[in-house]
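K.L.:
These are the residues of each chain, in order.
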Amino acid sequence: MKAFTYQRAGSAEDAARLAAHPGAMLLAGGTTLLDLAKCGVAEPDMLVDIGHISGLDAIAVDAGGATIGALAKMSAVADHAGMRAAFPAVAESLSQAASAQLRNMATIGGNLLQRTRCPYFRDPAAFPACNKRDPGSGCAAIGGVTRNHAVLGTSEACIATYPGDLAVALVAFDAAVRLGGRTIAVEEFFLVPGDTPAREHAIGPGEMITAVAIPASPAARRSTFLKVRDRQSYEFAAASAAVGLELGPDGRTIRDLRVALGGVATVPWRCRAVEDALKGTLLEPESVRAASRLAVEGAVAQADNAHKIDLAPRLVARAILSLGGLA
Amino acid sequence: MTTEITIELDINGRSETLTLDPRVTLLDALREHLGLTGTKKGCDQGQCGACTVHVDGARVLSCLTLAAQAAGRPVTTIEGLSAPGGELHPVQAAFLEHDAFQCGYCTPGQIMSAVACIREGHAGSDEEIREYMAGNLCRCGAYPHIVAAVRQAAEMAS
Ligand SMILES: Cc1cc2nc3c(=O)[nH]c(=O)nc-3n(C[C@H](O)[C@H](O)[C@H](O)COP(=O)(O)OP(=O)(O)OC[C@H]3O[C@@H](n4cnc5c(N)ncnc54)[C@H](O)[C@@H]3O)c2cc1C
Ligand code: SF4
Ligand code: FES
Ligand code: FES
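From first to last, the protein sequence lines stand for chains A and B.
Read the first sequence against UniProt numbering and you will find it ends at 327, with the numbers running on by one and no gaps.
Read the second sequence against UniProt numbering and you will find it ends at 158, with the numbers running on by one and no gaps.
Hints were generated in silico from the structure; no laboratory data involved.
A couple of the hints might just be wrong.
With a straight-line Cα cutoff of 30 Å, these simulated DSS-like cross-link-like pairs (lysine-lysine) come out [to be verified]:
no. : chain 1 : residue 1 : chain 2 : residue 2
1   : B       : Lys41     : A       : Lys38
2   : A       : Lys2      : A       : Lys38
3   : B       : Lys41     : A       : Lys2
Pairwise CB distance ranges, derived in the manner of DEER restraints [what the hints assert, rightly or not]:
no. : chain 1 : residue 1 : chain 2 : residue 2 : range
4   : A       : Ile184    : B       : Glu97     : 51 to 61 Å
5   : A       : Ala129    : B       : Thr19     : 33 to 43 Å
6   : A       : Pro128    : B       : Glu97     : 46 to 56 Å
7   : B       : Glu120    : A       : Arg231    : 14 to 24 Å
Idealized CB from N, CA, C, for every residue including glycine.
Sequences are here, hints too, so could you generate the full structure?
P.N.:
The structure is reproduced here in structure tokens:
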């Protein structure tokens, strides 16, 4: 691990000032950053510990929606009664992520900014070629072992999966990220790799996530997060689906539908084609299954990950039908 | 070149002043600087739970926590769970009674995790115990006995 200095920020302003130092990085829970520093991927000169700033960990839920401070712990949001009632998919995305210990450490801001688990990315000593780490160096994953790489949103430069669960639920329900004075939709916050895979977020130098805001909606209230993994718990998603459903007064017509996929794409993946195909139609297993296939429109498989293209739509269909009481 | 920093840690109710490289994790500070070797290093990457301690009463991984991050926050390790020579903590006793280990390497982490799991109210059924103890791996596969020990300790605590 490269040598770094350690500074504690007393306030968000303090953090911004310290973060302006060249080579400085913000340290929240540290569960991504310290891990990557040990792997030799992150090489900060200075860590600015924002974990002791007070007032940035509040969770507020009211009729209009939820506002979650960037320093709120994953465990606190997962267990929050108001979140579980108004945004079950969001709470479930967190309670199914990582482990109890990691959820007690990791923050909501840090969670969004977690890096890919692409094993080539995480091992610079063995695999020097990685466009995300070192632009222009190539991609060791393409042609390698690609079981957990993405099938959606990939490019010739990078096929790394965005590993997080929370952002998948957030993108389904039109959440926004607050960067101090500026607010940006989660959907626009994450950038597909294109030919610049090193740039992952629409966050500028010196900017800090201060909060996440989620508007309330009937679909968010009737929502679920389904996650399929190689082992039952404490594992990243092989595929996940965040789905919200609002039915009309007849209890059968789909009035609103939100669908997003995780574990299969380079960014949290909103599936508007599925939503548009089903909104206004009757909730029927057959049409739901057919429309769910639109979730993977445009998917490109690598040598080892074609199963994701089958898995993801099944997950979407199961989530929609179970919310509708049909599965 | 590294500049060492001086920090004050509160470990098991004792104040410890350490001068160390800022890169030192809480796990290494405990084991290498303070001689508290009960907390184990398995993966050193957040993947196994062997290094579980409590910070501010919550279970966390000491391998992904810098010692400097923990300064000013009370830390409890397996050594602090019961007084030396005193009675075992009920979770420790339950692990002994149920033979909830084989080599014992994961055990301090399992016990620290279980104490917190019970306190959090996440030990209501075997299924819930399995899910909320999933962050602690056991290479020896003592899982059925671990679940039985946690269940018994949880029942006694309620
Ligand atoms: C073994 C293991 C299993 C895991 N499993 C899962 C899983 O199943 N699902 C899942 O979703 N996640 C999983 N994770 C990832 C985990 O959720 C993230 O590591 C965690 O949420 C990151 O939060 P943090 O506060 O620790 O971030 P840090 O490590 O402190 O920071 C991460 C990055 O964000 C930056 N940063 C942090 N806060 C801010 C801020 N407020 N503003 C701007 N920049 C900021 C940091 O500079 C750093 O670059 C797992 C992690 C491990 C180690
Ligand atoms: S897939 Fe992306 S992160 Fe993985 S090696 Fe290729 S460029 Fe790097
Ligand atoms: S040593 Fe910390 S989780 Fe394995
Ligand atoms: S008892 Fe050997 S690892 Fe758990």
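K.L.:
So, for every hint listed, does it hold in this structure?
P.N.:
Results for each hint:
1. Between lysine 41 of chain B and lysine 38 of chain A the CA atoms are separated by roughly 14 Å; this keeps the pair inside 30 Å, and the hint holds.
2. Between lysine 2 of chain A and lysine 38 of chain A the CA atoms are separated by roughly 9 Å; this keeps the pair inside 30 Å, and the hint holds.
3. With a CA separation close to 21 Å, the supplied pair lysine 41 of chain B and lysine 2 of chain A stays within the 30 Å bound.
4. Our hint of 51 to 61 Å for isoleucine 184 of chain A and glutamate 97 of chain B holds, since their Cβ atoms are close to 55 Å apart.
5. For the hinted restraint 33 to 43 Å between alanine 129 of chain A and threonine 19 of chain B, the CB-CB distance of approximately 41 Å keeps it satisfied.
6. A beta carbon spacing of about 53 Å between proline 128 of chain A and glutamate 97 of chain B agrees with the range 46 to 56 Å that was offered as a hint.
7. A C-beta distance of roughly 22 Å is found between glutamate 120 of chain B and arginine 231 of chain A, which places it inside the suggested range of 14 to 24 Å.
Of the numbered hints stated above, none is contradicted by the structure.
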